[in-house]
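So you can see what is in the structure, the chains are spelled out below.
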Amino acid sequence: MDLIWDGVTEALRLIFTGNGYVYEVTFTSLLVSGSATVIALVVGLSIASFLAFRAPPGRTLALSAFNAGMALPPVAVGLLVSIMLWRTGPLGQLHLLYSRTAIVIAQAVIATPVVAALSTAALQGLNPNLRLQVLALGASRWQAALLLFREARLSLLAAAMAGFGAAISEVGATIMVGGNSKGSTRTLTSAIVLEVQQGEFETAIALSFILLAVILSIITLFTVLQQRRPPA
Amino acid sequence: MACPLASLTVLLISLAFLASSCGGDNNELILGATTSIQDPGLLDEIVRAFEGVTDYHLKPSVGGSAEVLEKARRGELDVIMTHSPADEDKFIADSEGLDKRPVMQNLFIVAGPDADPAGVRDAGSMSEAFKRISATQRTFISRGDQSGTHMRELSIWAELSITPQGQSWYQESSTGQGQNLIVASDKDAYTLVDSSTFTVFEKRIGLRALVPDTEKPNVYSVIRVASDKHQNVNATGAIAFAEFITSPAGQCVIADFGTQEYGKSLFEPAGRCPSANVGR
Numbered sequence: 039m040d041l042i043w044d045g046v047t048e049a050l051r052l053i054f055t056g057n058g059y060v061y062e063v064t065f066t067s068l069l070v071s072g073s074a075t076v077i078a079l080v081v082g083l084s085i086a087s088f089l090a091f092r093a094p095p096g097r098t099l100a101l102s103a104f105n106a107g108m109a110l111p112p113v114a115v116g117l118l119v120s121i122m123l124w125r126t127g128p129l130g131q132l133h134l135l136y137s138r139t140a141i142v143i144a145q146a147v148i149a150t151p152v153v154a155a156l157s158t159a160a161l162q163g164l165n166p167n168l169r170l171q172v173l174a175l176g177a178s179r180w181q182a183a184l185l186l187f188r189e190a191r192l193s194l195l196a197a198a199m200a201g202f203g204a205a206i207s208e209v210g211a212t213i214m215v216g217g218n219s220k221g222s223t224r225t226l227t228s229a230i231v232l233e234v235q236q237g238e239f240e241t242a243i244a245l246s247f248i249l250l251a252v253i254l255s256i257i258t259l260f261t262v263l264q265q266r267r268p269p270a
Numbered sequence: 005m006a007c008p009l010a011s012l013t014v015l016l017i018s019l020a021f022l023a024s025s026c027g028g029d030n031n032e033l034i035l036g037a038t039t040s041i042q043d044p045g046l047l048d049e050i051v052r053a054f055e056g057v058t059d060y061h062l063k064p065s066v067g068g069s070a071e072v073l074e075k076a077r078r079g080e081l082d083v084i085m086t087h088s089p090a091d092e093d094k095f096i097a098d099s100e101g102l103d104k105r106p107v108m109q110n111l112f113i114v115a116g117p118d119a120d121p122a123g124v125r126d127a128g129s130m131s132e133a134f135k136r137i138s139a140t141q142r143t144f145i146s147r148g149d150q151s152g153t154h155m156r157e158l159s160i161w162a163e164l165s166i167t168p169q170g171q172s173w174y175q176e177s178s179t180g181q182g183q184n185l186i187v188a189s190d191k192d193a194y195t196l197v198d199s200s201t202f203t204v205f206e207k208r209i210g211l212r213a214l215v216p217d218t219e220k221p222n223v224y225s226v227i228r229v230a231s232d233k234h235q236n237v238n239a240t241g242a243i244a245f246a247e248f249i250t251s252p253a254g255q256c257v258i259a260d261f262g263t264q265e266y267g268k269s270l271f272e273p274a275g276r277c278p279s280a281n282v283g284r
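Here the protein sequences line up with chains A and B, keeping their order. Going by my numbering, 59 is the number at position 21 of the first sequence; the sequence numbering is gapless. Going by my numbering, 280 is the number at position 276 of the second sequence; the sequence numbering is gapless.
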């Protein structure tokens, strides 16, 4: 238990003494997981809109796939993305393996089904007549979609938070496709793994608390946004 | 359909943008290295030092010796640093790699509880120590992951014609070197470990270094991946790295590593570091 307390004090010390390494890995984490979340939102919301509004044939099957995708094992995603990005793989000529972009791709693959599945449920929860009514009143498809997104924003923001959470807390795929290289692909989570492997448990716990603090701050921001009263 | 199609376009454009900004990296050089080089922090130092004197972007790909050699066989790596001599020789015999040069070394040691219930302290050799552990059926923790350390351990059992797998006292941790040591410490068990990892973890564990293997040091070598077999291999970059790591500049990075924190070099450089007052 002493170790945890020491970890908290160490975390505070690292944050307030402006430790360059800690700021660097925190920045990397926010950059890659932020980008992955944005991609997951764009793709996930598109899928959700299509499934919820268009009700294509085989929707239940597709939904089952995305719902199952929420439990996509990160290590399997890491392996598959690695093989795709290998020099001998189909995307090898892009030279993306062991770069931040590779981590963004892997995390986006992990976060997209989460966003897609939860958003579809959110949009399906709306009154189906609402969309018809809005379209009948002369709204374009885009205007209708935006209005419906606003209606469902509580659940959609929850989906965004879940997607971000899946991305920033991920480590297996991150190390596999990123290589855990200091100064470029070392994130908060992969730094924690390395500290544990070095037996630096105190620093590992300190970094864990910093990661938790970062997640808490971002999610609080989202939650404030979510709970704000809609403009009348 | 407008919404998904438009978003897909946006996605593709942004991916293409990402690819163009980060990809097309002709200066990339992929170094395959073992966990035992990364775990103590040496790999970070090597990357920093090498990128400081060249234009190459050195990307480490870290795993056990088996993983590194297999990736190299697939042409995914340019140059490797491993410590599994038999596998390395086979790798070169298969014309997959060339120009093997020793970089650094440490010692394998049998670590175990201070009380030493198997009485290996005065065994004098690795095989005698292993023999005593199996004879007294004391718990032995194996890496079990085809790493260089694991291969070495298996070769000692093989010399003794002992098959430890499946015995109640033999357990495989399937973890990295440091974690394996912690597992062994928690179970008050014996294990095979390299001296660098042991130094790093010494203060945190309840095990003692009981038998050092001074006869056969644990040698890390650099090998260039054969570029005639794999067209994508960065041959010039691989030469640059092999030259650097075996040069006095590279050897000094190794000789200096650990001196501040542990009062001694964690790895002994194979060659000369003129400015070092430690090492050899």
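Treat the hints as calculated values from the structure; they're not laboratory data. Fair warning: there could be bad hints in the mix.
Calculated lysine-lysine pairs in the DSS-like style (CA-CA distance at most 30 Å, straight line) [as the list claims (entries may be wrong)]:
#1 A/Lys220 - B/Lys191
#2 B/Lys75 - A/Lys220
#3 A/Lys220 - B/Lys268
#4 A/Lys220 - B/Lys207
Hint by hint, here is what the structure shows:
A distance of roughly 33 Å separates the Cα atoms of A/Lys220 and B/Lys191; the hinted pair therefore is violated under the 30 Å criterion. At most 30 Å may separate the alpha-carbon atoms for a hinted pair to count; B/Lys75 and A/Lys220 meet this at roughly 21 Å. With a CA separation close to 24 Å, the supplied pair A/Lys220 and B/Lys268 stays within the 30 Å bound. A distance of roughly 26 Å separates the Cα atoms of A/Lys220 and B/Lys207; the hinted pair therefore holds under the 30 Å criterion.
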